[in-house]
Amino acid sequence: MKGSRLAFAIFLAPVAAWLFLLIVLPHVDLLLMSLRGKDELGERVWTLANYMNFFTEPVYWLTFVRTALYAVITTAITFCIAMPVSFYIAKVARPRVQGALMVLLLLPFWVSELVRVYGWMILLRESGVLNFFLMKLGLTQKPVEMLYTDAAMILGLVYTSMLFMVVPLVSVMDSLDDSLIEAAYDLGAGKWTIWRTIIIPHCKPGITSGAIVVFMLTLGNYLTPNLMGGKNSLWFTEQIYNQFIASFNWNQGSAFGFLLLALSSLIIWLGLKLSRQKLGEVAS
Amino acid sequence: MIRTLPTSRAYDWSYTAFIVLYFVFLFAPLVVTCVLAFNDSNFPSLPWYGFSLDWFTSPGPERVGIFHDAQNLRAIKTSFTTAVFVSIFSTAVGTLASFLFEQEDFRFKNALYFLMLAPLVIPGVILGISQLLAANSAGTFIDETLGIDVPFLRPSFWLVVLGQFSFITTFVTLVVSARLKKFDRSLEEAALNLGANRFQVIWHITLKFLRPAIVGAGAVAFLMSFENFNTTLFLVGSEPTLPINLYLQVRDGSTPVINAISLLLILGTSLLVLVNLSFSRKKA
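Here the protein sequences line up with chains A and B, keeping their order. Numbered by the numbering used here, the letters in the first sequence go through residues 1 to 284 in order. Numbered by the numbering used here, the letters in the second sequence go through residues 1001 to 1284 in order.
Heads up, some of the hints might be wrong.
As the list claims (entries may be wrong) - Quick list of in silico lysine-lysine cross-link-like pairs, DSBU-like style, CA-CA up to 35 angstroms:
1. 1077(B) / 231(A)
2. 273(A) / 1181(B)
3. 91(A) / 1182(B)
4. 191(A) / 91(A)
5. 1181(B) / 204(A)
6. 1077(B) / 1109(B)
7. 273(A) / 204(A)
8. 204(A) / 1109(B)
9. 1109(B) / 1208(B)
10. 1109(B) / 91(A)
11. 38(A) / 231(A)
12. 204(A) / 136(A)
13. 191(A) / 204(A)
14. 1077(B) / 273(A)
15. 1182(B) / 1208(B)
16. 273(A) / 1182(B)
17. 91(A) / 231(A)
18. 1182(B) / 204(A)
19. 1077(B) / 1182(B)
Derived from the structure by calculation, the hints contain no laboratory data.
Working from the sequences, and respecting the hints, build out all of it.
Structure (structure tokens):
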């Protein structure tokens, strides 16, 4: 093909520059930075001290474990809510309503995460809207602080990640042939059996990609835990932020960053292995 | 169960109720935020003191409405310019990348493709710190070897643009690639047979075919950039973008002016999303 080599070069050069300068290089730098430190004399040396700090200082690894655990809980709750919602949209709602429901479902997620979190804050806080109605109805005498708790934080995280579970589930359920469910029903299967043997197995790819994305986004979230969580519910990203911006200890912060990256990559890899999928398939 | 199967009344009712509740859950924070923007009160909370446009139009000094709030207006402008640059750069490079991955064959293609997907699974916070580190290293290196101070390698407007570009381009690539996959390559071959060169083919035929996808991806890129928080947090310099500026205000106590900004954001994004949706429907 005429001009083909030139075209190839024009395609490749910016893409390669993007990926190497902005993705590969910074992460190599992150790794190197995490392995640097100062010895007793104040000389810059290679060291594993930043990683040792993580394991010897309970605050650090406890935050890490807590963050991972809460991310798992958030993913599970999101899945439990998203499943019936997606089923309704894909299979129960009339075809004409389907499109409208889908648009309604997507709209809130295009709005900035900050606006959504702020909305929850004015709903839940001590002087918030929910408390106002609770007092009006006489359900409580004194306002209850609902914000700044772990429950509020999880609520916020579930809300923020909902979309990334519902969309893959709806699209995978759309491809499920109704006649399979009808056949099972005619042969006497109950609801539970149909869900367990037909719907869930068929939805596996959607479940995996949804769960991976939700888990990753929750793990890396900063805004929601920071604004909705309490004083005691420190998120690991906040530790990273503190090291970078407050303590100005970039070496320690890099080590934390690398650990978070390693955890999220590990979970994604496990999820893909267990469901025998490739990253490319999940992404699309 | 599904539409064609009989279900009990109670089941139908409770399922519909669940879906209604879900949508209430989805929209409650947004609706409350919007409604309280019009409350004639100094706090974003109930009780309702009457309708007022103060938080939009009041010139101060007691209440400063958004149209007179210099700081927030500047942040909106910063976010807007950032988003314009990010969407231009990422649509350009993302389109080139989809040509590279869909139409070319070369060694290490799979490795490069995998690298292109990597930003999807790197938490935004990590992307932010690694880019901060790399820019800092590069800045120090250039300063020490060449004696030139490069201001944009410190946290600044252009660093934010680079940071957001690095992951938004992946989304653009995926959207444009999906459309390019559906392209009938015999059209290109016909044009080549008729004597067009590769660039004429791409310009007159392939890009025309891709236009809806490119426009859609550009709009998505704009929104993603406008609302990005996690990556921007670490790269932002003296000109905060709107999400960062709002975050600082929300964290340190809020006034209903944030509700007013949120309302404008909700309206703006909804409008952009709906226009984008109807545009892509018509073309599809």
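Verification of the hints:
| no. | hint | result |
| --- | --- | --- |
| 1 | 1077(B) / 231(A) | holds (34 angstroms) |
| 2 | 273(A) / 1181(B) | holds (27 angstroms) |
| 3 | 91(A) / 1182(B) | holds (27 angstroms) |
| 4 | 191(A) / 91(A) | holds (14 angstroms) |
| 5 | 1181(B) / 204(A) | holds (25 angstroms) |
| 6 | 1077(B) / 1109(B) | violated (40 angstroms) |
| 7 | 273(A) / 204(A) | holds (13 angstroms) |
| 8 | 204(A) / 1109(B) | holds (28 angstroms) |
| 9 | 1109(B) / 1208(B) | holds (26 angstroms) |
| 10 | 1109(B) / 91(A) | violated (39 angstroms) |
| 11 | 38(A) / 231(A) | holds (32 angstroms) |
| 12 | 204(A) / 136(A) | violated (46 angstroms) |
| 13 | 191(A) / 204(A) | holds (18 angstroms) |
| 14 | 1077(B) / 273(A) | violated (45 angstroms) |
| 15 | 1182(B) / 1208(B) | holds (13 angstroms) |
| 16 | 273(A) / 1182(B) | holds (29 angstroms) |
| 17 | 91(A) / 231(A) | violated (43 angstroms) |
| 18 | 1182(B) / 204(A) | holds (26 angstroms) |
| 19 | 1077(B) / 1182(B) | violated (38 angstroms) |
Going down the numbered hints, you'll see the structure goes against 6, 10, 12, 14, 17 and 19, while the others check out.
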